[in-house]
Amino acid sequence: MAHDWQPDFEQLVDEHQSMVFSLALRMTGDRGLAEEIAQDVFLELDRYLSKIESAAHACFWLRRVAMSRSADALRRRKVRRMDLWVEVEEHHGAEPEERTSMLSARLEEMLANLSEPQRAALILRYQEDLTLNEIAAMLESPVATVKSNLQRGLKLLRAKADTHLKEFVRGV
Amino acid sequence: MEFEPLDELERELRQAFKRQQAPLSLKRKIMARSSSAAKPQSHAVLWQRLAATLALAAVLSGAAVLHHREEQRKGEAARQQVLTALRITNRALEHMNKQLTAHHRASHE
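Going down the list, the sequences are from chains A and B.
Just add 1344 to the spot in the first sequence (first one is 1) and you have the working numbering.
Just add 404 to the spot in the second sequence (first one is 1) and you have the working numbering.
Please note: incorrect hints may appear among the correct ones.
Claimed, not checked - Pairs of lysine-lysine, DSS-like flavour, derived with a Cα cap of 30 Å: (1) B:433 / A:1395; (2) A:1504 / A:1491; (3) A:1491 / B:422.
Because the hints were derived from the structure by calculation, they are not lab data.
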C-alpha cells in the first residue's frame, strides 16, 4: 500500500530509544539485557522500515516488538534480581528525593515479582499511559484478560505496598 | 474503555514508571550495527552486478586466448629459427665433410 510518510531511521532511534529501553528494562529487570533487546528491536525495525506507514505505526510497532522480544528473552534467560529491601532499610532516614527514588526502586522490585502478563499490562498502563483497548491490541490479548491482569497486578502490588510501603502509600 | 480515577498507588506507579533515559551508547551501537548489517539488494543492482561480472569474465577470457596465441606464435618462430640454424649447421658440416673426403683422396693418390 502506498503511503507518503518517509521514515528516517536515525530520527526514530532518537525519538523512541528511551521508550524501547524502558519497556525492556522493566520487563526483564536487567540493564544489559534491556540494552541488547533495544538494539535488536531497532535493527529489526531497520529491516522492516519499508512497511512502516506512519509515525504512529512506528511507535506501535516498536512497543509491540519490544514487549514481545522482552518476553522471549525472559523465557530464554532467568534474570537474577537484586534484593533491594536491605538497601532501603539502610536508607530509612534519607532525604525526600532519595526516598522517592527508593520508592521507585521498590515498586520496580515488586513489579518484577508479578507474572509476566500482569507486569506487561502494568508497564503499558503506567509507563506508556495506554488504554485497555490499546494494551489489548499491543499484547494481542482479549480486553477482558488485560483488565483482569491489570486488576490482579494492582491488587498484588497493593498487598505488598501495604506491608512494605506504608510510609509512602495512603488510602489503600 | 475508561479507567476509574487514579488512587494513590496508581499515582505512585505512574511517577515511578516514568521512562528511563537510554544509555548514551545505545544509539551509537544501533547505528553501527545497522550500517554493518547487509542490506537486501534490489533486482536491478543484482542484474547489473551479474552483467558486469560476465563482461569482465569475457574480457579476461579473450585476453587469455590472445596471450596463448601470442605465446604459440613466438614458440613457432623460435622453433623455425632453431631448425634454420640446424639446417645451416648441417650444410656447413656436409661441405666440410666433402672437403675432407676430397683432401683424403688427393693425399692417397
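Hints versus structure:
no., hint, verdict
1, B:433 / A:1395, "23 Å, holds"
2, A:1504 / A:1491, "20 Å, holds"
3, A:1491 / B:422, "21 Å, holds"
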